[in-house]
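Enquirer: Throw the hints in and build the complete structure from the sequences for me.
Those protein sequence lines, which keep their order, are chains L and A. With numbering that gives the first Met the number 0 applied, the first sequence covers 0 to 104. With numbering that gives the first Met the number 0 applied, the second sequence covers 0 to 330.
Where hints are given, some of them may not hold.
[To be verified] For lysine to any residue, the following SDA-like pairs were computed, each having C-alpha atoms within a straight-line distance of at most 25 Å:
#: 1; chain 1: L; residue 1: K82; chain 2: A; residue 2: A155
#: 2; chain 1: L; residue 1: K86; chain 2: A; residue 2: K189
#: 3; chain 1: A; residue 1: K144; chain 2: L; residue 2: G66
#: 4; chain 1: L; residue 1: K86; chain 2: A; residue 2: E25
#: 5; chain 1: A; residue 1: K144; chain 2: L; residue 2: T44
#: 6; chain 1: L; residue 1: K75; chain 2: L; residue 2: P63
[Stated by the list, open to error] Listed next, the stretches of chain L that the computed footprint assigns to chain A, with coverage defined by at least 3 CB atoms under 8 Å from CB atoms of chain A:
#: 7; region: 48 to 58
#: 8; region: 65 to 73
#: 9; region: 77 to 84
Treat the hints as calculated values from the structure; they're not laboratory data. In this text the structure is predicted, and so the values were computed from the model without any measurement. The beta carbon of each residue, even a glycine, is placed where N, CA and C say it ideally should be.
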Amino acid sequence: MGRIRLCAAADVDEGQILKVEPEGMDPIALCHVDGAFLAVEDECTHAIASLSEGRLEGEVIFCPMHGGSFNVRSGKACSLPCKFPLKTFKVEVEGGDVWLLDGAA
Amino acid sequence: MYAAHFTFSDGRVTSVPVAPGQTVLEAAMQIDAPIRYDCASGECGACIAQLTSGEAEFDAAGPSPISAAEAASGLRPTCQTRLNGDAAFDLPYALEPQPSAPARHSTRVKEVERLSQSVYRLSLERPEGFSFQSGQYVRLRPPGKSGARIYSIASAPADDSQLEFLIRHVPGGLASEWVATAAGPGDAVKIQGPLGAFAGDPRANRHVFVVGGTGLAPALSMLRDMAPGAGEVVVCFGVTSALDLFHVAELQALAAAHGRAQTRFAVFIGEPGPDASPGTAVSLLKADDVAAGSAYYLCGPPAMVEAARTTLAVLGAPLSAIRAERYLPSA
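Expert: Shown next, in the form of structure tokens:
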């Protein structure tokens with residue numbers, strides 16, 4: 000299916016999260032960390048909550064509902080009540096845009 | 000390494016090794032022990048257990064789902080409890096039949112029905128592989144929303160045709176506004192569950208329910224699940240006004256099926272109407288409702304739960320026989 004354009008790189012400031020909803024896919028939380036773009040599934044694996052409504056500290060995203068956290072580079076759960084990892088996605092920046100590459104990384 | 004020994008309400012037991020410094024819940028989660036939890040951060044109360052012996056340090060510094068009196072009586076949120084030695088706990092629910100592991104399910108609306116001025120009945124298709132015990136709740140996400148709200152299941156565990164909920168309309172509420180104004184058969188929703196530790200006590204021979212508004216839901220599930228002759232049943236059901244009253248005939252029929260049962264209804268504001276008396280669910284309690292072998296189930300807004308607890312304590316009910324599910328209204 001090739002790659003999908005998520006947004007312009009300028010749409011996500013350093014340290015910020017953007018919720019992107021590519022057609023036919025579950026929402027993605029796109030995080031801008033240290034100049035890199037890291038993409039994970041937006042829905043927390045613990046309860047029903049949108050991680051892009053939470054906060055980002057370095058590579059760690061905190062869920063707005065119960066405060067559990069994940070590393071957005073590895074997807075690994077970092078603190079309770081989160082236990083199961085997030086799906087991560089490969090992205091690349093080209094021509095000032097952020098692109099989602101095929102499938103889960 | 001210490002050991003936490005758990006006894007379920009059906010007499011079954013399980014043990015969890017707990018490292019010094021670790022919370023009891025962290026240790027239980029590590030080995031996937033069948034100890035229920037939801038927030039794991041001292042808010043929801045789903046992981047509460049009754050300490051019966053041993054040394055357990057309670058982390059009371061932060062927010063806690065239990066009152067000081069409950070803490071003094073040995074109630075412990077296991078997510079805020081660390082051990083200094085082996086300890087034993089009682090859990091308020093039965094191990095068997097085990098509910099399905101909490102998971103997210105996609106399902107659809109079957110039916111929406113307005114029951115009163117303020118309350119709707121929402122019936123969902125029951126997802127494949129979803130099983131629960133009476134008293135449990137789910138987190139429900141309406142179509143097109145990123146957030147969710149929690150609702151107790153009102154249908155019986157054996158009813159595989161549906162999952163039923165009682166939903167109070169909070170104007171502008173994330174889920175209840177959708178239920179009241181937009182929801183219809185076939186709508187796709189997501190639920191997470193089953194969750195929560197509120198449960199019937201199989202050891203009791205009398206079951207006294209003090210419920211307010213949609214707090215009736217878990218009581219309904221328990222009553223529908225109870226075998227006729229499982230014991231005496233008393234239901235004290237309070238609502239705000241006569242226009243908020245619902246399920247009167249349904250409750251009377253359920254109670255009649257149990258033989259020794261009483262249903263009482265209270266209306267707080269205005270004319271109570273033919274079925275109810277003026278007052279609250281708590282004011283419906285009578286001195287002889289408190290007797291040995293009883294379990295007391297309190298379900299409703301926090302103020303009602305606390306008032307019921309105080310009244311029951313004055314009437315002589317032991318704290319350990321009282322179970323509570325607090326309903327926090329949320330927009």
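Enquirer: Would you mind marking each hint as holding or not holding in the structure?
Expert: Structure-based check of all given hints:
no. : hint           : result
1   : L:K82 x A:A155 : violated (30 Å)
2   : L:K86 x A:K189 : holds (19 Å)
3   : A:K144 x L:G66 : holds (20 Å)
4   : L:K86 x A:E25  : holds (23 Å)
5   : A:K144 x L:T44 : holds (17 Å)
6   : L:K75 x L:P63  : holds (17 Å)
7   : 48 to 58       : holds (count 3)
8   : 65 to 73       : holds (count 3)
9   : 77 to 84       : holds (count 3)
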